[in-house]
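K.L.:
Those protein sequence lines, which keep their order, are chains A and B.
Heads up: the first sequence is residues 309 to 537, going by the numbering used here.
Heads up: the second sequence is residues 184 to 628, going by the numbering used here.
Worth flagging that the hints you see were computed from the coordinates, not collected in a lab.
Here the structure is a predicted model, which is why all the values come from computation and not from measurement.
Any given hint could turn out to be false.
Distance condition first, Cα-Cα at most 27 Å in a straight line; then the derived DSS-like pairs of lysine-lysine [as the list claims (entries may be wrong)]:
| # | chain 1 | residue 1 | chain 2 | residue 2 |
| --- | --- | --- | --- | --- |
| 1 | B | K269 | A | K317 |
| 2 | B | K269 | A | K316 |
| 3 | A | K490 | A | K525 |
Quick list of simulated restraints, FRET-style, between CB atoms [as the list claims (entries may be wrong)]:
| # | chain 1 | residue 1 | chain 2 | residue 2 | range |
| --- | --- | --- | --- | --- | --- |
| 4 | A | A332 | B | K269 | 40 to 50 Å |
| 5 | A | E502 | B | R371 | 28 to 38 Å |
| 6 | A | A332 | B | H339 | 32 to 42 Å |
For every residue, glycine included, the Cβ atom is placed at its ideal position computed from N, Cα and C.
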Amino acid sequence: MSATIDLKKTTTRDLNSRLQNESAAPAGGTWQIANVRGHHSVAVGIDRPLTIEIDGNTGYFCAGMNHGAEITVKGSVGQGVAETMSAGKVHVTGDASMAAGASGRGGLLVIDGNAAARCGISMKGIDIVVKGDVGHLSAFMAQTGRLVVLGDAGEALGDSIYEARLYVRGAVASLGADCVEKPMNDEHKEELAELLSAAGVTDVPVEAFRRYGSARKLYHFNIDNAGAY
Amino acid sequence: MSNAPRHDGWMRTTPRKSATFDDYAISEIRRAAATGIYDIRGGGAKRRLPNFDDLTFLGASMSRYPLEGYREKCSTNVTLGTRFAKKPIELDIPVTIAGMSFGSLSGQAKEALGRGATLAGTSTTTGDGGMTPEERGHSDKLVYQYLPSRYGMNLHDLRRADAIEIVVGQGAKPGGGGMLLGQKISARVARMRDLPEGIDQRSACRHPDWTGCDDLEIKIEELRELTNWEKPIYLKIGASRPYYDTALAVKSGADVIVIDGMQGGTAATQEVFIEHVGIPTLAAIRPAVQALQDLGMHRKVQLIVSGGIRNGADVAKCMALGADAVSIGTAALIALGDNDPALEADYQALGTTAGAYDDWHEGLDPAGITTQDPALSSRLDPIAAGRRLANYLKVLTLEAQTLARACGKSALHNLEPEDLSALTIEAAAMAQVPLAGTRWIPGAI
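Bound conformation, chain B alone (with noise of 0.2 Å):
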C-alpha cells in the first residue's frame, strides 16, 4: 500500500507573501529602480499610527454628573492670542482651517474653504503662496502664514490679515521645505511667487533672516511692530520634540502654538519623508501641554493641535489632552469634495481610486480642488462647497457636545484627562492616560 497523498494539494504549500517585503514595498522597489526618482505625493501618514481611536470617553456614571444632550449649554467658543496682541481672534467653534496655499489648491477651493469657516464661525489660513482675494474676501477671519519662502508676503496684507502664523515647521515634513511642481504654476501662481512660470519649485526649509529662537524673539517683536500689536502670533511647528518646541515657542512670545503630528497633510512631499520623519498627533499633545504648564502658560499661550482630525471625538479628544482648538486640512477637503466616489472613473483613469488619490502634486484632479487647471478648477462650485464644509464643521461640534455632556462638561474647554482612557498600551503611554480597566500609564514625560 502507498504512502503517497491522494491529492496534489498535499505537495506544496500556499504561496506566501512576505511581510517586509509586502506589495507595496514591492512596487515601489519597481517603481524607483524605472524613474530613479523618489515617490512624491500629498496628504500626510498614512500608515497605521496610534491615534485617537485608542482613546475612549468615560461618561458619566455614580461620580460624575452628566448634561442633558440637546438642552443644557455646552460653549465651544475660543479665544486665541490673549497673551500680547491687541486684537485676539474669537472663534464660535474650536476647529480651525489649517493652512493650505493658493498654487496647492485651486482659487474656488480657496473660496470654499473661507466661505465654509465663516459660516461656521471659525478662521482659515492662508499657505505657502500668499493672500488671495478669493481667500481673503470670503474669510471673516483669515491666518496670514509667514513661511520661510516669504512668496507674496508684503505690508498690505500682512495689516489686512487677522492673525499672523510664522510657520517654523509642518507635520508632514518637520525639517522640511516646500514644494510645488511646474504643472502648477500657472502665470498667476508664478506672479504671486516671483518665479518662473512652469518650473519646478522648491521653496526653503529655513528663514531667510532669522535662526534659532534667540532671533524669533526679535522676529516675532518686528512682527508686533509692524501691526502695531494688533495681531496674534501664532508659531506653527511639525510635531517632533514638542516638550522642547513648545518651551522654546513661549519663550519665544508666541501668542499661539500651533503643533502638527505627522498624520498632518502637506500638498506635495517625498513618500519617504511623509511616512517616516515625526511623531504622531496623539503623542505630540501631552508634551506639549506639560511645558505650558510647566512655564505657568497654559491657556494663557493657547494650543492648535492637528493632524489626522476627523470627527468630533477626535475634537474633544484632543481638548480633554489639553488643546485650546484643533485645525484640520485633509478632513476640510473631504469635505469640500476630495476623493468622491462620484468621480471614481475619473480616478480610476489616474491609475487610482477614490479614497486614495495622493497626486496632488500633479495638478490634475478631478474634484477642482488640488489643481490650477481652469477646466477642472471649475468643476468645483465653491457656494456649494462651502456649504458643505460648514455642515462638516457643524457636526464635528455636534459630536464635541455630545461627548462633552456625557462627561458632565458644560464647555469643550473643561473636557479634561481624567475624562479618558486608553485602548492601548502605546496609547496610555502617549496620552499618559490609564490603560483601560487599570491605574497603569505606562512611562513618564
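Chain A extracted, bound-state conformation (with noise of 0.2 Å):
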C-alpha cells in the first residue's frame, strides 16, 4: 500500500489516526506526508513497520515513541524527535532541536545535521548517530544504549552517565559528571562499524573517534564525591 497525506487539506490527527490504525495502514506500506509546516506529533505511536517519509520540516516531538516505522524527515526537525522510541529507524536530513532521541528505548536514530542540547538524555537503549556536533549536557543521565557524534560535543557531555557508550570524532568542550574516556577494544570499534554502516556512513574510519562511558564513581552515594555534583 502507498499513499500520500498533504497536512494542508487535512489534520495531524487525522493523520496520526490513519497510522496508528492498522486496517488503514497494514504493515508494510508506504506512505508520503507533504506540507508538514511545522506540525508537532507527526507521525507518533506507530507500532508497525510502515515507510514513512515526511516532506519538510516538523514541530515537537516528530516520531514520538515509534514502535517499528522507518521515518525519514526530509529537513530539520523541532525538540524531542523520537523521544522514547523502542523500535524501528528515524532518519533526519537537517537538524534536529533539544532533546533528539530522549529516553529512547531502541531503534535507531539519525541526524544528517547537527543536534542541539540533550541529545539522547535519559537514552535507554536506543542507538543516536549524528553527524554533525552535539549540544551541551548531550547524553545527560544517559543509561544505556550507544551515541555516535561526527563532529564536536557540547559541554558535560555524558553528565551523570550510567552504562551508554559514547562515541566522539571531533572536539569535546567538557566531560559531565562520572564521565571519562574510555580505551578503544576491538569489541567497540566493532560496534561503532556496525553503528556508522547503519547510518550509511562509509568514509569515516573508527580509528578517528574516543570513547565515553561512565566512571561509575557515583553508582552507590559517597559524601566524598558530593563535590562532583
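Each of the two chains sits in its own frame; use the hints to bring them together as a complex.
P.N.:
Laid out in C-alpha cells, this is it:
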C-alpha cells in the first residue's frame, strides 16, 4: 500500500489516526506526508513496520514513541524527535532541536545535521548517530544505548551517565560528572563500525573516534563525591 | 538562726532541655556528625502542621435540613477527565490510590492495592518504575504515571492504561526527583528501569523533553495523539504555588489536576526536603479552586487533593473546599499492614517502633510492603491486604457521607465551604472559612 497525506488538506489528528490504525495502514505500507509546515506530533505512536517519508520541517515530538516504523524527515525537526522510541528507524536529513532521542529505548535515530542540547538525554537503549555536532548536556543521565557524534560535543557530555557508550570524532568541550574517556577496544571498534554502517557512513574510519562512558564512581552515594555534582 | 534551706532541692533548678535543641535536633546533629550524610526516609512531613482537624462542619440546624442517615441517598461517584478525553474515568467513590512505584513497593503490595481499589470501585496509580502485571491485572482502573525518569515507559502500557498522570512534582518534595537506593534495585526492578542492579538510583526532577508550560501543552497533545484522545490526562503538582500552578495546568490542557500537599508521602527523600519544602494540604486547596473558578473551569477540570488524608472527615473537608476527589498513599499502606503493632519486635530490631517506621528505602520492611526481599514481601497476603484496603475505603466513604447528610447534602460534591468553620486562625486563613463563632476570614487569596 502506498499513499500521500497532505497536511494542507487534513489534520495531524487525522494523519496519526490513519497511521496508527492497522487496517488503514497495514504493515509494509509506504506513506508520504506533504506540507508538514512545522506541525507537532507528526507520525507518533506507530507500532508497525511502515515506511514513512515526511517532506519538510516538523515541530516537536516527531516520530514520538515510534515502535517499528522507518521514518525519514526531509528537513529539520523540533524538540524531542523520536522521544522514547523503542524500535524502528528515524532519519532526519536536516538538524534536530533539543532532546533528540530523549529516553529512547531502542531503534536507530540518524541525524545528518547537528543536534542541539541534551541529545540522547536519559537514553535507555536507543542508538543515535549525529553526523554534525551535539549541544551541551548530551547523553545526560544516559542509561544504556550508544551515541555516535561525528562532529564536536558541547559542554558536560555524558553528565551522570550510567552504562551508555559514547563515541565522538571531534572535540569535546567538557565531560560531565562521572563521565570519562575509555579505551577503544576491538569490541568497541566493531560496534562503532556497525553503527556507522547502519547510518550510511562509509568514509570515516573508526580510529578517528574516542570513546566515553561512566567512571561508575557515583553509582553509590558517598559524601566524599558530593563535590562532583 | 540559719537562713539556709532545709532541703537540698532548694539549691538547684530542674534540668531544662532546650525547646530549640530538642532531643530530635540533638540526635540529628550527632547522626550527621557521625555519618556525613543527610537523613533519608520515607513518608511525608511529620511535624505538626495546620490540617483538617482544625476545621469542623456546621451541621444542619434551623436554617438547614439534614438528610436521614442510612435512608436518604448521598451519592459518592465522580467522573474524572471530562474536559477532552473520549473515555473519562468513572469512579464509585471519590478516593483514589496515589502513585507508588513497583520498586519502592513489593509486587504483592501493588497487587493488594489493585485488589482493594477495584473492590471499592476506584483507581490505582503506577509510580516511578513502570507498569507491572500484578498491578494492571488486579486494577480495574489504572492511572499510568508519566515521570521525568520515564522508567519502563512504553507504547503498549501507555495504551492499556485508563488514564495518564504527568508528574511535575509531589508534595513530599516539590522540585525534587526520585530516589531508590541500591538495596531495593533487584534484578527485576533494574530490568524494568534499564539500570544496573544494586546501584543507588536517583531519578530526574525535570522531564527530559519539555521545559515549562508552553512545551507541556505540546507534550500533552502528543500524549493524546499517542492514545487516540481517549485517556484523561492528569497533571500532578507538589503544593507550593497552587494558584498559578493550577492556572498553568489548565492552560497546558490537563483534564485533571492533582495537588499534593507536604504531608504527602514519598518512598525515600532527604528529611530536610520532606519537612521544609512545600505547603500543607489544607493551604493548597482554596488557591487551586480559586484558579479554576477564575478561569471558569471548576468542575470542568477536576481537582484531586492528596497529602495526609486519614479519614472520612478529611475526605469530606477536601470536597467541601472544592476538590472533586482525594487520593491516599500513606493511609492505604497502613491499611495494607504498614507499621502494624503486631510486628513490634521486628521494628524494635530495626531500631524503631510501630507507628514511626519510615526507613522504607532500606528495603527491610517487616510488613513486606516497602521491600524487594522475596522472604519479606511474601509475608504480605495480597488478597487479605486488598480486603483490608477495600474495607478502609468503604469506611472513608461512609464517614464522608455521614457528614454530608448532616449538612443536608445528597451528594458529597454538594458540600461547600459554607458548611465549614475553622478552629484556629491559621486554618481560617488557609481554608478561607470563618473562625468558629465569628464572621472573620483572615487574609485574602
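K.L.:
Within a Cα-Cα threshold of 27 Å, do K490/A and K525/A meet the stated pairing?
P.N.:
14 Å, holds
K.L.:
So does E502/A sit 28 to 38 Å from R371/B, Cβ to Cβ?
P.N.:
Since E502/A and R371/B have Cβ atoms about 30 Å apart, the given range 28 to 38 Å holds.
K.L.:
Is it true that A332/A and K269/B lie within 40 to 50 Å of each other by Cβ?
P.N.:
Between A332/A and K269/B, where Cβ atoms are some 18 Å apart, the hint is violated.
K.L.:
Given the proposed pairing of K269/B with K316/A, does the C-alpha separation stay at or below 27 Å?
P.N.:
Holds. K269/B to K316/A sits at ~26 Å (cutoff 27 Å).
K.L.:
Against the 27 Å threshold, does the CA-CA distance of K269/B and K317/A hold or violate the hint?
P.N.:
Since the Cα atoms of K269/B and K317/A sit roughly 24 Å apart, the hinted pair holds (cutoff 27 Å).
K.L.:
Confirm or reject the claim that A332/A and H339/B have a C-beta distance inside 32 to 42 Å.
P.N.:
Given range 32 to 42 Å: violated, Cβ gap about 20 Å.
When each numbered hint is compared with the structure, violations occur for hints 4 and 6.
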